[in-house]
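Turn these sequences into a full structure, and let the hints steer you where they fit.
Keeping their order, the protein sequence lines are chains A and D. At position 273 of the first sequence the residue is numbered 359 (this note's numbering), and the sequence of numbers has no breaks. At position 360 of the second sequence the residue is numbered 416 (this note's numbering), and the sequence of numbers has no breaks.
Mixed in with the good hints there might be a few duds.
Here are the simulated EDC-like pairs of lysine to aspartate or glutamate, each with C-alpha atoms no more than 20 Å apart in a straight line [as the list claims (entries may be wrong)]: (1) Lys-298/A / Asp-326/A; (2) Lys-467/A / Glu-200/A; (3) Lys-460/D / Asp-132/D; (4) Lys-298/A / Glu-205/A; (5) Lys-450/D / Asp-192/A; (6) Lys-136/D / Glu-483/A; (7) Lys-258/D / Asp-291/D; (8) Lys-268/D / Asp-281/D; (9) Lys-250/D / Asp-291/D; (10) Lys-372/D / Glu-358/D; (11) Lys-298/A / Glu-200/A; (12) Lys-305/A / Glu-278/A; (13) Lys-407/D / Asp-192/A; (14) Lys-305/A / Glu-322/A; (15) Lys-356/D / Asp-192/A; (16) Lys-250/D / Glu-318/D; (17) Lys-467/A / Glu-443/A; (18) Lys-460/D / Asp-430/D; (19) Lys-450/D / Glu-190/A; (20) Lys-356/D / Asp-143/A; (21) Lys-450/D / Glu-483/A.
Which bits of chain A does chain D cover? Going by a derived footprint, with three or more residues having C-beta under 8 Å, they are [said to hold, decoys possible]: (22) 143-154; (23) 178-192; (24) 217-231; (25) 379-389; (26) 422-434; (27) 489-501.
In short, the hints are calculated from the structure, not lab data. Don't be surprised by glycine CBs; every beta carbon is placed ideally from N, CA and C.
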Amino acid sequence: MIIAAPRPTVLVIAAATLLAAATARAVDPAAPPLAVFGDTVYTMAGPPIERGVVLIDRGRITHVGSALDVPIPPDAARLRAAVVTPGLLDAHTAVGLTGFLNQEQDQDQLDTGEPIQPELRAIDSYNPRERLVAWLRGFGFTTLHTGHAPGALVSGQTMVVKTAGGSADEAAILPVAMVAVTLGDDARPDDEKKSPGTRSKAVAMLRGELVKTQDYLRKRDLADPEKRPDRDLRREVFADVLRGALPLLVTVNRATDIDAALRIAAEFRIRIVLDSAAEAYLVADRIKAAGVPVIVHPTMRRGGMGETENISFETAATLKAKGIPIALQSGYEGYVPKTRVALFEAAIAAANGLTTEQALAAITVDAATILGVADRVGALKPGLDGDVALFDGDPFEYTTHCVGVVVDGTVVSNERW
Amino acid sequence: MRRRPILAIAIPLLVSALVAGGAAAQDRAVAFIGAEVLPISGPAISGGVVVVKGGTIAAVGPAATTPVPPDAERIDCAGKVILPGLVDTHSHVGGGAGGDASGPIQPDVRIVDSINVRDAGFRKARAGGLTTLNIMPGSGHLLSGQTIYAKLRPAATIDDFFIRDADGRPLGGMKMANGTNSQRDPPFPGTRSKSAALVRQKFLKAVDYRRKLAEAGDDATKRPDRDLEMEGLLDVLDGRVIVHHHAHRADDLLTVLRLRDEFGFKVVLHHASEAWKVADRLAAAQAPCSVIVVDSPGGKIEAMDLSLATSGILEKAGVPCAIHTDDPVTDSRLFLRTAGLAVRGGMSREKALEALTLAGARMLGLEGRIGSLDVGKDADLVVLSGDPLAVRTKVLETWVEGRKVFDRADPDDRLFAVGGFGASRDQRAQACCTDDSFTEAK
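Following this line, the structure appears as structure tokens:
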């Protein structure tokens, strides 16, 4: 695996406010343009282009079109592959907070000390040099939605990162993406005496937090400064949720829990994104009516027992056919293998009802839209980041290799994966 | 669709009777006509014919030279691909468990005594084209018990899965493990050296037991008392039972071979995550490896250098290589996928398909009965919609000993192939009775 040396940072802006604009990563202004040629180019912004080219200059895409039409600067570097796609996007993982060794020192995806901790920021744990980040990048992933894992009622924040950059600040394109909530069996602490011990208790606790935050906001706006409450990080995060600036990423599997999540979203008029949602096909009409997107569980996730027992290879296709926005993910894995690869999960979805382009969209443009970063990544069109994945055949075939990965116009992987 | 049971009380008996009478029900030949036939033991046959009768393969060859018996049921397989039934050398389907927490070495414990043949996992395994499984206890012991080689026939009891030797004895292996999984508080070992010492001590005891038996000869008064643990180990020492040994790290693999050479047992190395580091030594030792193919390294330190390239490196070095599911670690329904990933990592297509069939059969000592499409072998086969290593290919039908045990066109079977509401529930007991198209518990 050959990784480009970390580039010098020209500008690092601390994420001072909760929804701060992403920090800018350095792009060498002297670097030549990069032309990426593909026998087939999936732009995800229109039909595939045969014998197409993507031209990148100063980190951003400037032209996309037929190789016959796009003028290529004479000094441009050139790459070529059978299939070219946008840099892939993993719509939900914990990689970078969870490390491949699975030892105490590389597991920062979940603190179980308290059931509700929305103030935990992903950026304070994300390790851009984690080997699993490089592993996913090798298969074409240039953007990850990562952060605190399911396993506590409110486990913390998530973020969107590029798979390049030498620090969490450089890698981040959205330092705070969502707040991770778990409903159902995984929300229960190991200690049976601790809450939440039941589904109803978990929902009551979450409602209680949101109601308290409504009171906090009311008091914060009181005319008399003496009566205003002290700053409270937890309330501030939930306040962003209540004002619609920050969605809840609600990990659920049973239809019962999906309904509970939709009930809370309606009660508080907040944005939610459903995650995993093994039984979503049972309640697809209600999900559709609520206008809630679903980041569907890894297609190959096992469901032998417990709340994923009714999991199906066809859920992504079922939801897509209903018109529900979907994306696919690698999810969180606690043992061997330490991560899945969303490319492989999309491939199995493509073999079980999604078309090739729908499955590709679930790990590119549709994922970018659900995560709120479609103005940066997820498609090949002028103005977006120069993130590209190159394959020596159908990206979904088992025997195809990813043969190149480009982030912001810089080649970050050129081996066969 | 299957009919519901008529006589609920009689169901177990009825199912057993039907299973026992299965061969009789299959006296009529079945001919699969027009498929691309991949016998594994020989080159692909385009437009091939496979004829099965009485539970075994009666003929395999090109249509032009392979006569179809006039009374045979003819199945048009044009455009399809036929493989031998897939052989999984390492599975945990069926909810079985071996040894308990009482000690690290439990050769008296048999997995057969805890398997639920109605577990939905068996239906999913058939949906993946699997016809033979080595069902094993886990790796949390140095020796966790006796495994069972299971043929996925319709079954009411584990006996219906048995593959028996000439004396009628069910065949199986012995599960062993080293490395970190089997290290715990005493009486379990705390280090790798302690693990090896405990195993050596136990095998030395078995060597003594064997000597005492031999010295007693026919004199029952001198014979040592029966000892189930020792009897289990004697099967291993005498080569009747193959050791299936979990090992990840390169040094752990070589430790297994050191013990093999000291005591002279037959062994297959399972998982073999770092086998690629010592491929030449494994080749020189002719140590068969059954490899796990997963989507990323890590999860524990022993698996940190796990690689998609392992199978290809072993092939090039000349090490016999099979691939296994380790279900639930990988999904039996996606067993073909693991061969595709092995090809991605550098294995040849031919050897990758062999790794799911004949190579595994050899590692179970069953290559005379299963693993390839050859006349006289068991009629275990899979009908595929296309290229076995293509992601969009579907397993359409799975046949065991001339009987169809999975049919994707049957909605009840399809549920287990793709998942959905109820797909993890144990099967209902079913049976019926009026004609040859009886229903069965499968």
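Outcome of the hint check:
1. Restraint check: the Cα-Cα separation between Lys-298/A and Asp-326/A comes to about 13 Å, which is no more than 20 Å; the hinted pair holds.
2. Restraint check for Lys-467/A and Glu-200/A: the C-alpha separation of about 44 Å exceeds 20 Å, so the hint is violated.
3. Proposed proximity of Lys-460/D and Asp-132/D is supported: the alpha carbons are some 15 Å apart, at most 20 Å.
4. Straight-line distance between C-alpha atoms of Lys-298/A and Glu-205/A comes to about 15 Å, which keeps the hinted pair within the 20 Å bound.
5. Taking the CA atoms of Lys-450/D and Asp-192/A, the gap is about 39 Å. The hint is violated against a cut of 20 Å.
6. Proximity of Lys-136/D to Glu-483/A is assessed by CA-CA distance (about 19 Å); at most 20 Å being required, the pair is judged to hold.
7. For the given pair, Lys-258/D sits about 14 Å from Asp-291/D by alpha-carbon distance, which is consistent with the 20 Å threshold.
8. Taking the CA atoms of Lys-268/D and Asp-281/D, the gap is about 10 Å. The hint holds against a cut of 20 Å.
9. A distance of roughly 24 Å separates the Cα atoms of Lys-250/D and Asp-291/D; the hinted pair therefore is violated under the 20 Å criterion.
10. At roughly 24 Å between alpha-carbon atoms, Lys-372/D and Glu-358/D are farther apart than 20 Å, so this suggested pair is violated.
11. A C-alpha spacing of about 17 Å is found between Lys-298/A and Glu-200/A, which places the hinted pair at or below 20 Å, so the restraint holds.
12. About 36 Å separates the Cα atoms of Lys-305/A and Glu-278/A, which puts this hinted pair outside 20 Å; it is violated.
13. Restraint check for Lys-407/D and Asp-192/A: not satisfied, since their Cα atoms lie roughly 38 Å apart, outside the 20 Å limit.
14. At roughly 13 Å between alpha-carbon atoms, Lys-305/A and Glu-322/A fall within 20 Å of each other, so this suggested pair holds.
15. Distance restraint check for Lys-356/D and Asp-192/A: the Cα-Cα separation of roughly 11 Å lies within the 20 Å cut-off, and the hinted pair is therefore satisfied.
16. Only pairs whose Cα atoms come within 20 Å are accepted, and Lys-250/D paired with Glu-318/D is accepted, the gap being roughly 17 Å.
17. Taking the CA atoms of Lys-467/A and Glu-443/A, the gap is near 16 Å; set against the 20 Å cutoff, the hint holds.
18. A threshold of 20 Å between alpha carbons decides the hint, and for Lys-460/D with Asp-430/D the separation of about 19 Å falls inside it, so the pair holds.
19. A hinted pair counts as satisfied when its Cα atoms are at most 20 Å apart, and Lys-450/D with Glu-190/A does not qualify at roughly 41 Å.
20. A C-alpha spacing of about 42 Å is found between Lys-356/D and Asp-143/A, which places the hinted pair above 20 Å, so the restraint is violated.
21. For a cut-off of 20 Å, the pair hint linking Lys-450/D to Glu-483/A stands: about 14 Å separates their Cα positions.
22. With a cut-off of 8 Å between beta carbons, the region 143-154 of chain A has 0 residues touching chain D; three or more are needed, and the interface restraint is violated.
23. For the region 178-192 of chain A, the stated coverage by chain D holds: 5 residues have a C-beta nearer than 8 Å to a C-beta of that chain, and at least 3 were required.
24. Only residues whose C-beta sits within less than 8 Å of a C-beta in chain D count toward coverage, and the region 217-231 of chain A has 3 of them, enough to reach three; the restraint holds.
25. Only residues whose C-beta sits within less than 8 Å of a C-beta in chain D count toward coverage, and the region 379-389 of chain A has 3 of them, enough to reach three; the restraint holds.
26. Figure legend: the region 422-434 of chain A, annotated as covered by chain D; annotation consistent (9 residues with Cβ-Cβ distances under 8 Å, at least 3 required).
27. With 0 residues bearing a CB less than 8 Å from a CB of chain D, the region 489-501 of chain A misses the requirement of three and the coverage assertion fails.
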